[in-house]
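Novice: Chains as they are written, first to last, in this note's numbering: chain P, 5 to 325; chain B, 5 to 325.
FYI, nobody ran anything at the bench for these hints, they're computed from the structure. Keep in mind that the hints are not guaranteed to be accurate.
A pair counts as met if it fits within one copy or between any two copies, since identical chains are not told apart.
Here are the simulated lysine-lysine pairs, DSSO-like style, with alpha carbons at most 27 Å apart [what the hints assert, rightly or not]:
#1 K190 / K293
#2 K303 / K217
#3 K217 / K105
#4 K105 / K270
#5 K304 / K270
#6 K304 / K176
The structure presented is a predicted model; accordingly, all values stated were derived computationally and were not measured.
Here's the letter readout for the chains.
2 protein chains.
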Amino acid sequence: MKDNSHNRIVRFHRLGDASVLEIEQLPVTEPEEGELRIRVQAIGLNRAEIMFRTGTYLEQPELPSRLGYEAAGIVEALGAGVTEFAIGDRVSTIPAFSQGKYGVYGETAIVPASAGAHYPENLSATEGTAIWMQYLTAYGGLVNVGHLQQGAVLLVTAASSSVGVAAIQMGKMLGAVVIATTRSAKKRDFLLSTGADHVITTEEEGLVASVMKQTSGRGFDLAFDPIGGTMLATLGEAAAAGATIIEYGALATEPATYPLFAALAKSLTIRGYVLFEITTNPQILAEAKEFIYTGLKSKKLTPVIDRVFPFDEIASAHRHM
Amino acid sequence: MKDNSHNRIVRFHRLGDASVLEIEQLPVTEPEEGELRIRVQAIGLNRAEIMFRTGTYLEQPELPSRLGYEAAGIVEALGAGVTEFAIGDRVSTIPAFSQGKYGVYGETAIVPASAGAHYPENLSATEGTAIWMQYLTAYGGLVNVGHLQQGAVLLVTAASSSVGVAAIQMGKMLGAVVIATTRSAKKRDFLLSTGADHVITTEEEGLVASVMKQTSGRGFDLAFDPIGGTMLATLGEAAAAGATIIEYGALATEPATYPLFAALAKSLTIRGYVLFEITTNPQILAEAKEFIYTGLKSKKLTPVIDRVFPFDEIASAHRHM
Numbered sequence: 005m006k007d008n009s010h011n012r013i014v015r016f017h018r019l020g021d022a023s024v025l026e027i028e029q030l031p032v033t034e035p036e037e038g039e040l041r042i043r044v045q046a047i048g049l050n051r052a053e054i055m056f057r058t059g060t061y062l063e064q065p066e067l068p069s070r071l072g073y074e075a076a077g078i079v080e081a082l083g084a085g086v087t088e089f090a091i092g093d094r095v096s097t098i099p100a101f102s103q104g105k106y107g108v109y110g111e112t113a114i115v116p117a118s119a120g121a122h123y124p125e126n127l128s129a130t131e132g133t134a135i136w137m138q139y140l141t142a143y144g145g146l147v148n149v150g151h152l153q154q155g156a157v158l159l160v161t162a163a164s165s166s167v168g169v170a171a172i173q174m175g176k177m178l179g180a181v182v183i184a185t186t187r188s189a190k191k192r193d194f195l196l197s198t199g200a201d202h203v204i205t206t207e208e209e210g211l212v213a214s215v216m217k218q219t220s221g222r223g224f225d226l227a228f229d230p231i232g233g234t235m236l237a238t239l240g241e242a243a244a245a246g247a248t249i250i251e252y253g254a255l256a257t258e259p260a261t262y263p264l265f266a267a268l269a270k271s272l273t274i275r276g277y278v279l280f281e282i283t284t285n286p287q288i289l290a291e292a293k294e295f296i297y298t299g300l301k302s303k304k305l306t307p308v309i310d311r312v313f314p315f316d317e318i319a320s321a322h323r324h325m
Numbered sequence: 005m006k007d008n009s010h011n012r013i014v015r016f017h018r019l020g021d022a023s024v025l026e027i028e029q030l031p032v033t034e035p036e037e038g039e040l041r042i043r044v045q046a047i048g049l050n051r052a053e054i055m056f057r058t059g060t061y062l063e064q065p066e067l068p069s070r071l072g073y074e075a076a077g078i079v080e081a082l083g084a085g086v087t088e089f090a091i092g093d094r095v096s097t098i099p100a101f102s103q104g105k106y107g108v109y110g111e112t113a114i115v116p117a118s119a120g121a122h123y124p125e126n127l128s129a130t131e132g133t134a135i136w137m138q139y140l141t142a143y144g145g146l147v148n149v150g151h152l153q154q155g156a157v158l159l160v161t162a163a164s165s166s167v168g169v170a171a172i173q174m175g176k177m178l179g180a181v182v183i184a185t186t187r188s189a190k191k192r193d194f195l196l197s198t199g200a201d202h203v204i205t206t207e208e209e210g211l212v213a214s215v216m217k218q219t220s221g222r223g224f225d226l227a228f229d230p231i232g233g234t235m236l237a238t239l240g241e242a243a244a245a246g247a248t249i250i251e252y253g254a255l256a257t258e259p260a261t262y263p264l265f266a267a268l269a270k271s272l273t274i275r276g277y278v279l280f281e282i283t284t285n286p287q288i289l290a291e292a293k294e295f296i297y298t299g300l301k302s303k304k305l306t307p308v309i310d311r312v313f314p315f316d317e318i319a320s321a322h323r324h325m
């Protein structure tokens, strides 16, 4: 007989590598005011969860801790005051909450109703988990912060990540020329298939020289970079006059050098950016969702699923990332 | 008998300290199309000229080279096509030209007519040389780039420089709360007299703690910084969420560290800025001149003259800076 009062939830009791993730039988709890409970059909994995597990994320876990930002499933319980969803609705989650409090890795997940979103019917539940983090992050960077214009040159670094691919697709949707960078030639064909106009493999060619070659010596107008470190100085050199560099991560371990002379000579703007700017602003979030729906329906935005793992293999899935 | 065909011009034949400046008898030349010749009554000194003399400025001199951005005097000859000035007009110069080609240190100076400006009658010629570089630089930074709002907190670093003082006065004119920083207590009273609400002496107190104390823990909204180097990391810590840091110089000799984690946590914007952005845009320049005229007439902007030297003591004047 199935025990409906308990369900399987992923938690970790100490910081560390993927092996700290445990699947535990825990009571199913009821949503509080303004919350939803979702019967989870698929979860998506993000780098933010790996950083959270290892204690290097903006939010520090209180142990034992849940984790996870992205799930898709069916609404099965509504907290008081929730009117925008009904039992049975197909929703996926927008990463606009504390991972430690609401982490969605489990058979059920409770999230704030403001973090639930209907997703287009032409997408599977698995695809439904591969929308919000990446496209909202790209939208906030390219549209809200970067004001990317038609015909402008967008440089996407570390482009084979889920956000990188989202930025390539969204850059093309906005009419930009998109240059993608990746370390080795391994991902070149994949990046071209996502719509990038040019791919620079940084282990094989100089980023600055390649950008200058592709832009007739002008440089890029907008860079979307999760690396930091010495990359920032390189980006300063490859920038066009008046360019903006958006830093949205800290993948590099060395300190980031500010390219002061390039910034002065070319009036560069460097902007630190995180997704929460978008998800905490209801108006911008609504505009972003509308834009993403439109892109998903027209298939200008098409979620890319790298690989699907069974729930029981969550640790292997983390290792795969 | 006075020889009207020649006049005294300051030039340097090699890069170096103030002693490389020489006063030479050179022919008086005629303005070409679109240029003015001014009988110089006073010149103003800027750090940009010291950097030019030592070869560390954005523009490199072709030796022997003239130098100098700011002069005030009387128009005495007009090139073809110049209609906005008449012989006898009282003008001062806006630093919107090559120092090497047009340098104004001399008894006469030829400048592009677009770099000439009438200045308010309530100012002396000496004061007329102490307007454009500093107030235009401050205007471009605070208004055009920084969008400084009434009630916002403006932090002005290295505040006792001419641009620093201009930024304090303009910050107050715009209704901001102005915090000025200076190394030692020596300049504290002077900075308070220019209108600063608070003065932080960085040799005696921590910048971050002092800014936080003055802003109830919120931090500054806009910083206007010509230092760079390790100051940039300090500014990252002292910034409020959503703040902008304008870098407009490179006084520090050590590399500037980009405060990546503060930038991500607080969505910081760091913007490299130079005066030429303003002086090369006719519409912005016209708006800036109008704003500065208004401020000078109302005495909300009052040029501060540190010390006046005779023309023959140009090298001493440079040493004094």
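Novice: The structure should be examined with respect to each hint, and the outcome stated for every one.
Specialist: Going through the hints against the structure:
For a Cα distance limit of 27 Å, the shortest separation of K190 from K293 qualifies neither inside one copy, at 33 Å, nor across copies, at 56 Å. In this assembly of identical chains, the alpha carbons of K303 and K217 never lie at most 27 Å apart, being 31 Å within a copy and 52 Å across copies at closest. For the homomeric pair K217 and K105, neither the shortest alpha-carbon distance inside one copy (48 Å) nor that between copies (33 Å) is at most 27 Å. Taking the shortest Cα distances, K105 and K270 sit within 27 Å of each other only across copies (22 Å), while inside one copy they are farther apart (44 Å).
Taking the closest pair of Cα atoms, K304 and K270 never come within 27 Å of each other, the shortest separation being 33 Å inside a single copy and 32 Å across copies. Within a single copy, K304 and K176 get their C-alpha atoms as close as 8 Å, which meets the 27 Å cut-off; across copies the closest is 49 Å, which misses it.
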